[in-house]
Amino acid sequence: MIPAAFEYHRPTNMDDVIALLTKHGDDARVMAGGHSLIPMMKLRMAEIPHLIDLQDIGGLQDITIHGQRVTLGAMVTQHELINHAALTEVAPILRETALQIADPQVRYMGTVGGNVANGDPGNDMPGLMQCLDAQINLAGPNGARSVAARDYYEAAYMTAREDDEVLVSVSFDSPKSGYAYEKQKRKIGDYATAAAAVTLTKDGGTVASASIAMTNLSDVPVWSEGAGAALIGTRCDADALKAAVEAMLGDIDPTEDNRGPVAFKRHVAGVILKRAITRAWDRA
Amino acid sequence: MNDMTPDRETRSANLKGLGCSRKRVEDARFTQGKGNYVDDIKLPGMLHGDFVRSPYAHARVVSINKDAALALPGVVAVLTAEDLAPLNLHWMPTLAGDKQMVLADGKVLFQGQEVAFVVAKDRYVAADAVELVEVEYEELPVIVDPFEALKTDVVLREDLAGQTHGAHGPRKHHNHIFTWEQGDETTTNQVLENADVVAEETMYYHRTHPCPLETCGSVASMDKVNGKLTLWGTFQAPHVVRTVASLLSGIEEHNIRVVSPDIGGGFGNKVGVYPGYVCSIVASIVTGVPVKWVEDRMENLMSTAFARDYWMTGKIAATKEGKITGLHCHVTADHGGFDACADPTKFPAGFMNICTGSYDIPVAYLAVDGVYTNKAPGGVSYRCSFRVTEAVYFIERMIEVLAIELNMDAAELRRINFIKKEQFPYQSALGWEYDSGDYHTAWDKALKAVDYEGLRREQAERVEAFKRGETRTLMGIGLSFFTEIVGAGPVKNCDILGMGMFDSCEIRIHPTGSAIARLGTISQGQGHATTFAQILASEIGLSADSITIEEGDTDTAPYGLGTYGSRSTPVAGAATAMAGRKIRAKAQMIAAYLLEVHDDDVEWDIDRFVVKGAPERFKTMKEIAYAAYNQAIPGIEPGLEAVSYYDPPNMTYPFGAYVCVMDIDVDTGVPEIRRFYALDDCGTRINPMIIEGQIHGGLTEALAVALGQEIAYDDLGNVKTGTLMDFFLPTAWEVPNYETDFTVTPSPHHPIGAKGVGESPHVGGVPCFSNAVQDAFRAFGNRHTNMPHDHWRIWQTANRLGLHD
Amino acid sequence: MTQKMHIKLTVNGEDREFLAEPRELLIYALRETLNITGPHVGCETSHCGACTITLNGKSVKSCTMFVAQANGAEITTIEGLGSPDSLHVLQEAFKEHHGLQCGFCTPGMITRASKLLEENPTPTEEEVRFGMAGNICRCTGYQNIVKSILAAANELNASKEAAQ
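Chains as they are written, first to last, in full-length UniProt numbering: chain A, 1 to 284; chain B, 1 to 805; chain C, 1 to 164.
It should be emphasised that the hints constitute simulated quantities derived from the structure, not laboratory data.
As the structure is a computational prediction, the values presented were derived from the model and not from experiment.
Note that beta-carbon positions come from the ideal geometry of N, C-alpha and C, so glycine has one too.
Everything hinted at is true.
To be clear about the criterion: a stretch of chain A counts as covered by chain B if any three or more of its residues have a C-beta under 8 Å from a C-beta of chain B, and this derived list gives those stretches:
{"id": "1", "region": "185 to 193"}
{"id": "2", "region": "253 to 262"}
{"id": "3", "region": "266 to 272"}
My request is simple: use the sequences and hints to build the entire structure.
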């Protein structure tokens, strides 16, 4: 498995990155940890004449927490998410999710940006970002802009990001609430058969707000507004869970693969979501 | 004896011989990254080879244009079948009596088939050139189902047109390879007709792959000046490779040196001869410089050596009380595009006729039909003796199905049908002579160790709780009792390409009392350098630490048939003991001379010969070794060396009793292994530490195969499981701790009573894991579901049984 | 072919400089250019961990990194962990507890374990299994690998205590 030849660029500032992207158009791609891109290049499923390595761009490695606002630089790795005490304090769902991604070595290299940016339906972070209602912050030739994670994913590997734009960070408000990221997979290193990200808040004895997103059950991550709404005002009892699952099942569209047929995936999606909601409720 | 002489116990311990958990001598280099695997070999001027492979499972090759590839700087050659044809190397014989294309000759028969071989200055240029070779294909109808293959007009092997006889008898159809029959069909059918109870089941043992962590590869170096070819490679049978290379290339065998360096796991993957080996040789002959070929993981999974792929239909007859009266088995065997199964020549379905298992079954019949399809060739024994995993899976499933039919406990059903201790040596209905066994003792020990009755009570309670809606987890108790047949084998009926399946050991004792022994086998992780030295230490009384074991270089090692089918200990281990005894016999004469007594007046005592009745008069083996080189002894040649070529009188029959306890989430299909108990009886135990390690590893490979590992194809013959994302190799996270146990029933015919163990845990483990899954659903009407039991298939079983809302 | 780059690495404490195409995979640069053949190529898709090295303090699968990316990095491979006269505690433990068979996964396994113990000197069995889940072994079933790593952790902690 040998990739095609390419020219390697390691710029030190974002302007140079944008300039390279503008200059080479479709022929250029940015790379963070490379753990999605390099296997594709080795299989020659992606040929990239100009590879732009982001590792020397300053400011992309930061985890910043201002009050409730959390910003994760594109180059923050999953390993860092797991081991960042302050982040775990304000948003423990990041750690819970990151621990379920790939394996230890891959988590040292795999980044927030790489996981979120490209619209790979197997990735776990996109669903999580939708659950958290995160903003995806992009830099491009026309300056910076933000896109809501819930509007970012258009189809498999198709996103709202233009070819000459770079994902620089994601930001979201700390979910002061119950949370869970529940994932079924065949083994360590696998993508999800089904996964659910849930956050909810409790007021009195009932759910005040809830947000639910599903991973790898469609060609894009699925934020199920209906599923979250179904929980509001309930005590997450059996009927509420059932209603949430039903709403979620109306939003997902899984396809058959080696992880199983559609009927199985839909069933597991329901089971996983119930478990995630229950855990989030218990933690709220 | 003077005070300086250690006591017998100490002397014995100092040998580090049979039965001790000696630490491995191999580990120093492996733990320091100093192993020497084939891809570590780097020779001056070495070129790299890479294949153009077919994207189609069945297609005609209309044309191949290599111009663009040849124009790429750094490309030295592009070989196609047309280039190999003048050398008659475009096809090669398979181990199964068929032939296989080295490079596509007019058509391709499976996805990933080798079409052209690019030779370039490095692996990068070679990979680029592969992309530049233009091949025009004309797609043909794809047949991936063996039953369909036997009906269709589509001819897969046009080269065999009109051949109504193959290597193993008549062919019934143009896609049929052979029918292999064993046992007594007429009587078996009569028994089935008149039986109280007959249980019938069809089961598919899915296609999988041995997938060692190191893929296959070779480095060929043709020295044109001296006319010598050296070939390093991932060969489980280097001597056979030398013979085949000589027959194919026409180079005389003494001018070929084959070396198996360290091998990064084999498990059967490295028994066969692959087009890559042949192409690296041809390329080196053509270019005059060394050529390396190492397959990548996708190529490994797609093209070299699948395992299993057996459709098995069984009928088992019994009395009302559960005494088995007869067994009928039919197999449709999917061999892929070429019959390249790695079996002893006379056994086209390997030792599938061990399928009567551990049971006293008076009459049986087995028929196997081999079939061509558009899948990769192979059919290797993946961590088992030839087709023994299939046979043991078959019988251990049939026993479970019969237990359901009889409404009996499956452990009890096994117990009442075991071959009894006093029946050994036992003649099986399908022609084998089991050497020794004590199945009842092993079974009772195993059931007691796990508190079998208690487990069944707990399981019954769980079923009730499930029915009441208090749990969504079911509990499965997997049982298996296996008898293996290993150590192929007696030359009278076992050969590979005409080479009898003996093995060999050559020993040289050095003057200072250390030694080197060379064998015809080759370790792939089994620790031969450690254990064979232990066998020898106990035979010749020199410490294992003073004995070097060397294998794998055909220029120095005696001819042997290699390591697979758990044959190293039964055959080469026996040769080692026998050669050691020759050393000792000569040493006895030298000792008697030195002690000035008659040969018969000295006797062996651990590490020395002592004068009978005068234990203070002795000569140690060290002293004798020195004398062999420095004294002129009348009537005795100088030196102390011996060779033994051992032709085993029989196979050995290791056995074992396994129990697995599993909890299954009915809603997600996720199984969790709560407990796994493995009792193995491999006869005399050479190194308990290594035995345990082999059992842990074999069980883990069994877990993988039972719970998810498969080579799956779609209807167009595309491989769906081409990387380790989809081909299931469990990590430390998915694997439990195992409890190991043993009994010892030595082989009566093996010089030290050892039977072999490396493959037992895989053979016994697969049905045990599978039975655990199936047993969990028995209370709800499950009879049989096919492996692999991955999440969705387990879920599907639960769904079929109505266990979801 | 693209132009070769000037690559500088510090490998096992030694500065190494060479020319390489940017697309060369770090594992091949180590193995073929620098003759550091301890790390192996197993799966090529970052699942098996046979190629594991430590790069700038991270456990990294060197089959999934271009040599260009690694330019300037500090690398430790199995060859840098111990010497024949003074083996690393993990090397000793793997020998002692039969933590290897064919040896092919072993360099990656030990290199990864060394980082794991650095980050978590007192792991539980579960933490070892989770922390080693990026390394596949086909021979041992992991039981003795886990045992070896836990033993090495104990050994390291005992010698640390003794030193205090």
